[in-house]
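Visitor: Numbering-wise, the sequence shown is residues 1 to 310 according to the UniProt record's numbering.
Don't read these hints as lab results, they were simulated from the structure. All values derive from a computational prediction rather than experimental measurement. All residues carry an ideal CB built from backbone N, CA and C; glycine is no exception. There may be inaccurate statements among the hints.
[Unchecked claim] The following label-pair restraints were derived from C-beta to C-beta distances:
(1) 83 to 28: 37 to 45 Å
(2) 40 to 195: 16 to 24 Å
(3) 9 to 151: 16 to 24 Å
(4) 40 to 149: 40 to 48 Å
(5) 31 to 175: 33 to 41 Å
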Amino acid sequence: HKKTQHQTGKFVEIFSAQGKNPGAKWKIFGSPSAISKEYDNELKGFVFVLQGSSLINKMKLPKETRQTLGLIQQFLTLQIFVPLGKDFSTELLITDLGNIKRRLYLSTVHKELSVTPLHAKVPLFMIKRKIWCNMCIDLVAFTSEIFRGAVFRSLDGIIISANCKLRKIFTLKSKPQDTAEGDGVPCEPADVIPQNCQLNSDVPQVTQLLNLTKIHKPEIKCRENTAKETGSFVNRGQGNILSSKTQDVSHIAFGSKILGPPPSSNRRGNAKVSGKVRRVKFQNLFQYSNMTDLIPASNLKMSLSTETTL
């Protein structure tokens, strides 16, 4: 409970590129030269710059596997600048009220939303590029809508991958005003970004609130383009991939490959569905094809364990 006591204010700062050694609490993966602290002339302040492969060059918080962040505020905000033509990814480790750990992997690499019981790949087509963006993720909505009614309890791990400039990461108690939408939709009641977290007013910037509706819009366009190129969508069988004898004995723990079989699960019925990728349907508006062929088998192995730790 000590972790939650200081989270009663409007925001909780998780990371700032300012200061003597802002990356001290993070574990850095990949080439040391690909992740650096640099002075940004536009911001008149320091930023972390992540370059190169989004699969290799990344930073993870907390550094130690057994630690958890215990962040409970609803809106996670990444203050980032994503360049044109480059991939960007972020991974979030979420714990629900049932103490089940689930992983959200948001990336520009993904073409469609795909979901297993403990893991979801979320496309980031709509992300604003070549401008500073307060990219805000509604953790409560994402958890319940993607994982069939699961109730968000805490955000326990974050991975930021190339390519981006990163100034701050913070959580917000209230929903900020989305300034990235230009469709004339009436604004809902929303809060402003706390002054301590704001960029200078002379810096071009947007605040973008991500939700599944915004993810679906460009995704449908992408699916239409793909259909034209391939002629049709192919549904793969939903057989349990995990039964393959060619699999190596390892499992995935929040993006890292661990030797040995995954921990056993005491929850009945979990293994029966864990190897399958379900068709995702939201409010009867969108129907998605089986994504088994797009998910590496090593990622699917993670779904055997409900106790995956950061």
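Visitor: All hints, please: hold or fail.
Guide: Verification of the hints:
| no. | hint | result |
| --- | --- | --- |
| 1 | 83 to 28: 37 to 45 Å | 20 Å, violated |
| 2 | 40 to 195: 16 to 24 Å | 20 Å, holds |
| 3 | 9 to 151: 16 to 24 Å | 23 Å, holds |
| 4 | 40 to 149: 40 to 48 Å | 42 Å, holds |
| 5 | 31 to 175: 33 to 41 Å | 37 Å, holds |
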